[in-house]
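*Asks:* Each chain is listed here by its residues.
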Amino acid sequence: MSGTLSGRQVLDPRHAPPFPVAALPLLRNPQLRKNVAHATDVIQTKRARLVAEKTDWQELRTAAAAIRSHALEHLGSYLEEFEARCTSAGGMVHWASDAAEARAIILELLRQEQASEVIKIKTMTSAEIQLNPALEAAGIHAYETDLAELILQLGEDEPSHIVVPALHVNRSQVREIFARSMGIKDLPDDPKALTAAARTYLRQKFLTIPTAIGGANFLIAETGSVAVVESEGNGRMCLTLPRTLITLAGIEKVLPRFQDLEVMLQLLARSATGERMSPYTSLWTGVTPGDGPERFHVVLLDNGRSSIVARPTERQTLRCIRCAACLNTCPVYRQTGGHAYGSVYPGPIGAILTPQLMHMKYAQSLPFASSLCGACYEVCPVKIDIPKVLLELRAQVVNQERRRAARLRDPMFIGMKAAHAIFAGARRFRAAQRLGRIALRPFTRKDGWIRSLPGLGAKWTQTRDLRGLPSQSFRQWWVARGKEER
Amino acid sequence: MSAPALSRQMILDRIRAATLNLPSEAPMTAELSRSYIRRGKLGVQDRLKLMIERLREYDAEVVDCAPEELPAAIGAQLALSGRRVFIAPEGLPAQWLVAGFDWKIDRGLENAEIEQAEGVVTAAFCGVADSGTIVLHHSHSEGRRVLTLLPDWHLCILRANQVVETLPEYFDRCPSPPVLATYISGPSATADIEMTRIKGVHGPRFLNVILVRNED
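Protein chains in written order, with our numbering: chain A, 1 to 486; chain B, 1001 to 1216.
To be clear, the hints were calculated from the coordinates, so they are not data collected in a lab. This one's a predicted model, so the numbers in the text were calculated from it and none came from an experiment. Where a beta carbon is used, it is the ideal one built from N, C-alpha and C, also for glycine. One or more of the hints may lead you astray.
[To be verified] Computed cross-link-like contacts, DSSO-like style, restricted to lysine-lysine with a CA-CA straight-line distance of at most 27 Å: (1) Lys54(A) x Lys1041(B); (2) Lys54(A) x Lys1199(B); (3) Lys54(A) x Lys1049(B); (4) Lys1199(B) x Lys205(A); (5) Lys361(A) x Lys417(A); (6) Lys1199(B) x Lys185(A); (7) Lys383(A) x Lys46(A); (8) Lys46(A) x Lys1041(B); (9) Lys1199(B) x Lys46(A); (10) Lys46(A) x Lys1049(B); (11) Lys205(A) x Lys1041(B).
[What the hints assert, rightly or not] Stretch-level coverage of chain B by chain A, calculated; a stretch enters the list once three of its residues show a Cβ under 8 Å from a Cβ in chain A: (12) 1061 to 1068; (13) 1092 to 1100; (14) 1145 to 1151.
Construct all of the structure, not just a fragment, from the sequences and the given hints.
*Replies:* In structure tokens:
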């Protein structure tokens, strides 16, 4: 292992270029686009088949949305209930108001464990707080144990999808990464052999490293239990074999009751991977003597979430159960893949979640990275009206820009101001029409279309034609028509 | 107040402030919309047929037998596997420990010993036909979680009266929630490389089920 993690680029909305800039090189990468299109097509086909066989799919969505909304509206009580139950079952609950605090808590726990290595279950929350670089800087090596996360870690790459983080990497790229970093010559590129190589590589780590870090799909307030849904069994290894387990979970992950899982588990795997249930769902409660870790810590992470709860339209963002169905269906994501979003949360859900987690101070281009087609809302298992939240966030971004001094040099702002002045009075409007007709005449072809404009107008005509102004406006035609009739 | 307690208070205060203006007469969770399907409509035979079908879709090996045939059926499965060393949870019925094999009874086995065994035989708490899911609550006959994790081959004995059709029906069978639970829907798998499904990443590669019919 080279251990150069700390030196490489991480997905950080504070330093990421705006979406349109970041998307360009990705759009010019045919291999990446092919990989993303293939993966999203496969998942979508499987999802559609399994959703269709559920005759009560809409009722399940409605119930899930109601349960998640209810949990958020009473978040304080449910978190306290979870804390009390988890603690009485032998768990330790820690509260982290932001990413730095969460990292500090985890590092302190690892220091008490005298850990120099940890095994990790895939958790987006850990990527959100940039835990791996912090561990590396503290001299603790983290082994990602999810196959996709392992591919990314060994390939010094970043996740591009919430459920299948390495979907932009194909088999021959995986072969290269594994052959290089595991020192295996003659590794074939068929997925079976590659998976077997990962199994062998990680088996000893599972059996020997006594500390694990993972996330949570759900926290159950009623019982203080935690649920993790996975496919490979690496999660079960991390949850069962080590002496100490640290679970990092966003405060929004809480469900009121154990029974609420009957709704969530029917929706999650079908939406995420197109399976009826994921191969393994694990549920545990604090510490059980003789079965699993002796020490169990939960770190509850706020990091901007409580301020999202405060806003009625945006609150629904936190209903998300991270299935990524919105990514797979999104016409924008399917073209660019995940890295363009500059965040560990890409796609439509990332476009609303990321800027909010950043308190609208970064990632303001993301709410505009959407055609507002609504496909994301349609597939969302917890009915998050993503287009509605996108519009709300766009309004906030525009309001921010209105207050900025740089607006006076912004053509969009000047254009809008001018339009405001013109539309405010009938005489001004008519004068503008006359002027426009004269100004556009030299560029208008005989067929009535404008193919190219100079200056700023070229930005429009670069990709589309513009209809020339007709020789007569509707109002002029109406008046003339009235005269003829008389 | 110490720093951690301060963060706790700060986060809870922020949440309380954020939810302050919401209607205080909020519905109880029991009153939330739950118009999805609770009970299945299939008869016993069709329910079992569906369970077997769904398990087979996951490449699980399924056989069925009458209660009195169970020890023989276990013996046949173990022999077919070509394996010899098997783990058994402490509470596994004695008549399931068929002769001719090397049984390691779990009375606090070390992980290394479990890992070296070739297979494991357990009971189950429930089977959900709709998704082909086997539910373990890790009782004495179902074993500690690690027992069904490290060996590469898992034989699970499921009784017909443990099979329900829908997931909500399983929840109805849990008057008090389990402390530990594992829901197994097919053998360990991944599709992380080009969405090609590969069986057996870290958990058992082989899942075998004996369905015991005509109970009661």
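*Asks:* So, for every hint listed, does it hold in this structure?
*Replies:* Verification of the supplied hints:
In summary, the hint linking Lys54(A) to Lys1041(B) is supported, as the alpha carbons are separated by about 14 Å, within the 27 Å threshold. For a cut-off of 27 Å, the pair hint linking Lys54(A) to Lys1199(B) stands: about 26 Å separates their Cα positions. Proximity of Lys54(A) to Lys1049(B) is assessed by CA-CA distance (about 18 Å); at most 27 Å being required, the pair is judged to hold. Between Lys1199(B) and Lys205(A) the alpha-carbon distance is near 21 Å, which keeps this suggested pair within the 27 Å criterion.
Our distance criterion of 27 Å between C-alpha atoms is met by Lys361(A) and Lys417(A), whose separation comes to about 25 Å. Proximity of Lys1199(B) to Lys185(A) is assessed by CA-CA distance (about 24 Å); at most 27 Å being required, the pair is judged to hold. A hinted pair counts as satisfied when its Cα atoms are at most 27 Å apart, and Lys383(A) with Lys46(A) qualifies at roughly 20 Å. The straight-line distance between the Cα atoms of Lys46(A) and Lys1041(B) is roughly 25 Å, inside the 27 Å bound, and the hint therefore holds.
A distance of roughly 17 Å separates the Cα atoms of Lys1199(B) and Lys46(A); the hinted pair therefore holds under the 27 Å criterion. Proposed proximity of Lys46(A) and Lys1049(B) is supported: the alpha carbons are some 23 Å apart, at most 27 Å. Distance hint between Lys205(A) and Lys1041(B) is unfulfilled; the C-alpha atoms sit about 47 Å from each other, more than 27 Å. With a cut-off of 8 Å between beta carbons, the region 1061 to 1068 of chain B has 0 residues touching chain A; three or more are needed, and the interface restraint is violated.
With 0 residues having a beta carbon nearer than 8 Å to a beta carbon of chain A, the region 1092 to 1100 of chain B misses the requirement of three or more and the stated coverage is violated. Only residues whose C-beta sits within less than 8 Å of a C-beta in chain A count toward coverage, and the region 1145 to 1151 of chain B has 3 of them, enough to reach three; the restraint holds.
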